[in-house]
Amino acid sequence: MSQTSSATPLISLSRIWIIAGNTFTHLVRMKIFYFLLIFVLIWLGLNVFKLPYNAGPESLSGVGGEELRILKAPLVGTMKLFALIIGIVATALLIPRDMEDRTLYTLLAKPVPRLDYLLGKLIGVLLLVFSGLLVMTLLLDGVVWVRTQAILIEFDKVSQILVEQGQWTQDDRLAERAELLSHGVTWSLQGAILILFFEAAIIAALALLISTFSSSTLFTVVISVLTYFIGNFIADGLDQLQGSSSPGEGNIGMLAVKAIFVAVPDYRPFKIVDEVLTGQTLPPDILGSLAISTVLYVGLYVILSWFVFSRKEI
Amino acid sequence: MSVTPAVQVKSLVKEFKGSFGQGRIRAVDKVSFEIAPGEVYGLIGPNGSGKSTTMKALLGLVSPSEGSCAIFGRDSTKVDSRQDVGFLPENPYFYKHLSGEETIRFYGKLCGMKGKALRDRSRELLSLVGLENARSRRLGGYSKGMLQRIGLAQALVQDPRLLILDEPTAGVDPIGSRQIRDLIFKLKDRGFTVFLCSHLLEQVQEVCDRVGIIHKGALVKEGPLEDLIAIEDQTEVILRNATPGLLDKIRELTRQEEGVELLRTGNSRTTLERLFLRETMQRNQRYPEEAGSESAGNPEVQGGGYS
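Line by line, the protein sequences give chains A and B.
Heads up: the first sequence runs through residues 1 to 314, numbered per my numbering.
Heads up: the second sequence runs through residues 1 to 307, numbered per my numbering.
In short, the hints are calculated from the structure, not lab data.
On a predicted model such as this, the values are computed, not experimentally measured, just so you know.
Heads up, a few of these hints could be off.
To be verified - Listed next, the in silico DSBU-like pairs over lysine-lysine satisfying Cα-Cα at most 35 Å (straight line):
id, chain 1, residue 1, chain 2, residue 2
1, A, K312, B, K96
2, A, K80, A, K312
3, B, K114, A, K312
4, B, K17, B, K188
5, B, K221, A, K80
6, B, K144, A, K312
7, B, K249, A, K312
8, B, K78, B, K116
9, B, K249, B, K221
10, B, K249, B, K30
11, A, K312, B, K10
12, B, K78, A, K312
13, A, K80, B, K96
14, B, K30, B, K96
15, B, K109, A, K312
16, B, K30, A, K312
17, B, K188, A, K312
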């Protein structure tokens, strides 16, 4: 028998990684997630095959770019749905399930601080979301690249004729070509998907917090989804209030909205993904500020989760 | 120099919030006991008597309302105290997606083990609990008895000095139950300290050195098993190869002593089951209004389970 005397550190990265790895494997082996992945793949496949290739005037930047946007929007929308559903449901399932099965007793009866357990669970979920998004991003990039190349071939043919006919200058042609490429596979598109991951990380951390005091998985899921919608609706309301003609009412409304954002994440900055899908460039500083904002939200929710969970009677 | 007890529970009180308007419910009421290193201690009591809450307080899963618990001198509310303890909860479910070997390795890694030491340890434990042939099978396909045994293996993975077992044979068939009992014997021989909760009083009597009886949150009887089950006004003389002549002489001697009576030869002890029933039933008779509500869902106390 061992006679251990060393103190257990509050946070152990290796222990967190072990719990995260186990959580990731656990979730991957749950058939519901396979079904969801198959569903997403079918969805992506249908989107690839249902749109015809364009030729002639359609391949000019305005129309060609629009076609790429129409191709990307539902695909990215599906990816967002995947990230949010997994982020909420997987997190909401984990702690109540460990408690019901008494697995939590055996884990916490080992020298495992509760903070390590919470972080391990959250990181496991985020690993799954990140891996899923990574696979889907590769697929998305492949689909968009193939479509962009097809459109570019047609664009080059048609635009060359227009230049020869004197309708476009060479500069116009290059500018239009650059505009068309901005709808293709760009760093901004990759950044937009990273923002989807940030959003999923925030909502997963919020679901983790709710699951530390909630008595059921369903409650956690419903409240997490509600906070997401509240966060978005309030953001829309705030935008409207900022344009309000009555400054007094607007200020009171703004204060009320800001008070709610203390508890509910402000998802307004994350809407930049929609703009990236229309071909706009994602400035690195905005991506950086969103990353910082995500770290702060996730950090806040993890600390609150720890505060609740460390006092929880199991 | 005094030896640090493996377990030290001092005036432990645990209260829970009751339902709306019911105030607080006292689940454990000033319980105190100690378990010496190497001892096998059994805590027995009816359902809802506070056994599991006492165990949870010892493991830091619930925090004491009053009093304290310590494992080898370390405060149970601190994570450090769990380095020296292995725990098998009642009817445990482990991660079904893991195999038996992966389960042991997972818990071993949580305790900071790795590499060859962990591989060797997991093999040793699979052999100890008799699951070498099921090492690669996922736990989803394990029987109840196999789950209990893998649970015991995970509890032992970091080679703890104290093992806490909550109803280790609950729901296990007689053969599985005997295997687990034999394992406890093995651990006892190896010098482990074992803290055991069980409804199977015969098994408690077989393996435990000391026993505590908990009833309605209070420890009503506690001490060495041999002392507890001895009948106080009777003396047992055990002789080997005694001739009828010798027995006649003994009878003659006892007749000469005033107030002394030779009742019979043989085992004059009660059983742990009888002691348990006496301790709990007497209290129910004394407080029938409380007993009515408690024993309603408790076949053991109603006498259905024990004779």
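Structure-based check of all given hints:
{"no.": "1", "hint": "K312(A) <-> K96(B)", "in the structure": "holds (25 Å)"}
{"no.": "2", "hint": "K80(A) <-> K312(A)", "in the structure": "holds (33 Å)"}
{"no.": "3", "hint": "K114(B) <-> K312(A)", "in the structure": "holds (31 Å)"}
{"no.": "4", "hint": "K17(B) <-> K188(B)", "in the structure": "violated (38 Å)"}
{"no.": "5", "hint": "K221(B) <-> K80(A)", "in the structure": "violated (62 Å)"}
{"no.": "6", "hint": "K144(B) <-> K312(A)", "in the structure": "holds (29 Å)"}
{"no.": "7", "hint": "K249(B) <-> K312(A)", "in the structure": "violated (68 Å)"}
{"no.": "8", "hint": "K78(B) <-> K116(B)", "in the structure": "holds (29 Å)"}
{"no.": "9", "hint": "K249(B) <-> K221(B)", "in the structure": "violated (38 Å)"}
{"no.": "10", "hint": "K249(B) <-> K30(B)", "in the structure": "violated (51 Å)"}
{"no.": "11", "hint": "K312(A) <-> K10(B)", "in the structure": "holds (22 Å)"}
{"no.": "12", "hint": "K78(B) <-> K312(A)", "in the structure": "holds (15 Å)"}
{"no.": "13", "hint": "K80(A) <-> K96(B)", "in the structure": "holds (30 Å)"}
{"no.": "14", "hint": "K30(B) <-> K96(B)", "in the structure": "violated (39 Å)"}
{"no.": "15", "hint": "K109(B) <-> K312(A)", "in the structure": "holds (25 Å)"}
{"no.": "16", "hint": "K30(B) <-> K312(A)", "in the structure": "holds (22 Å)"}
{"no.": "17", "hint": "K188(B) <-> K312(A)", "in the structure": "holds (34 Å)"}
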